[in-house]
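Could you put together the complete structure from these sequences and hints?
So the protein lines, in turn, are chains A and B. When we follow the working numbering, the leftmost residue of the first sequence carries the number 104, and every step to the right adds one. When we follow the working numbering, the leftmost residue of the second sequence carries the number 679, and every step to the right adds one.
Any given hint could be a false lead.
[As the list claims (entries may be wrong)] Under 8 angstroms between C-beta atoms, here's a sample of chain A residues computed to sit facing chain B: (1) 199; (2) 200; (3) 204; (4) 206.
If you are wondering where the hints come from, they were derived from the structure by calculation, not from laboratory data. Just so we're clear, the structure is a prediction, and the values are computed from it rather than from any experiment. Glycine included, every Cβ here is placed at the ideal spot set by N, Cα and C.
Chain by chain, the residues:
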Amino acid sequence: QKEVEQNSGPLSVPEGAIASLNCTYSDRGSQSFFWYRQYSGKSPELIMFIYSNGDKEDGRFTAQLNKASQYVSLLIRDSQPSDSATYLCAVRPGRRALTFGSGTRLQVQP
Amino acid sequence: DVKVTQSSRYLVKRTGEKVFLECVQDMDHENMFWYRQDPGLGLRLIYFSYDVKMKEKGDIPEGYSVSREKKERFSLILESASTNQTSMYLCASRQDSNEQFFGPGTRLTVL
Numbered sequence: 104q105k106e107v108e109q110n111s112g113p114l115s116v117p118e119g120a121i122a123s124l125n126c127t128y129s130d131r132g133s134q135s136f137f138w139y140r141q142y143s144g145k146s147p148e149l150i151m152f153i154y155s156n157g158d159k160e161d162g163r164f165t166a167q168l169n170k171a172s173q174y175v176s177l178l179i180r181d182s183q184p185s186d187s188a189t190y191l192c193a194v195r196p197g198r199r200a201l202t203f204g205s206g207t208r209l210q211v212q213p
Numbered sequence: 679d680v681k682v683t684q685s686s687r688y689l690v691k692r693t694g695e696k697v698f699l700e701c702v703q704d705m706d707h708e709n710m711f712w713y714r715q716d717p718g719l720g721l722r723l724i725y726f727s728y729d730v731k732m733k734e735k736g737d738i739p740e741g742y743s744v745s746r747e748k749k750e751r752f753s754l755i756l757e758s759a760s761t762n763q764t765s766m767y768l769c770a771s772r773q774d775s776n777e778q779f780f781g782p783g784t785r786l787t788v789l
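So this is what it looks like as structure tokens:
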């Protein structure tokens with residue numbers, strides 16, 4: 104079992120819709136959770152991080168964490184074509200380094 | 679603005695060559711990381727360093743070594759390049775805050 108699992112997609116949503124991206128992780132000791140966005144040919148850039156159970160909102164983005172279910176999600180409201188990218192979920196287990204999922208490709212159709 | 683730079687964007691080497699990938703960060707970060715990224719496999723950690731001259735193996739260290747002689751510089755070394763090391767290599771750095779900043783990446787092709 105991979106440490107961080109994501110559906111590879113592509114997830115296709117129409118412009119203006121809500122995109123929902125999901126991630127599960129295996130290490131119950133993980134304390135920090137991150138969502139990165141990666142455009143084709145570019146390096147990952149941080150969108151949000153979350154530490155506590157519940158929701159965290161930042162503009163059009165909402166991260167949700169459920170530690171009991173070992174589940175993290177990212178909601179993108181009012182999706183735009185410019186949101187089309189690969190979204191990487193990352194967790195930090197006991198060690199210093201992040202462990203990444205393989206990413207979900209999101210396509211926002213105009 | 680944090681800046682992480684990598685010595686080359688594209689690199690082509692031959693099997694058996696020794697390859698050096700350099701990474702420099704300008705924000706005095708203690709932690710630095712080397713990942714490789716392959717389609718369908720995501721980012722996999724090769725090595726990381728939490729202080730000068732300190733290093734720890736990541737998930738896939740075989741065939742690689744690292745050097746951190748100065749705080750701002752973290753080098754990845756392929757002692758004898760092989761075709762299965764063809765990949766995108768990403769360097770990252772982080773201080774105590776949780777944001778991990780990535781460099782632009784080096785696309786390495788081993789022929």
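(request) Provide an ascending list of the numbers of those earlier hints which the structure does not satisfy. (result) Violated hints: none at all, because every hint is consistent with the structure.
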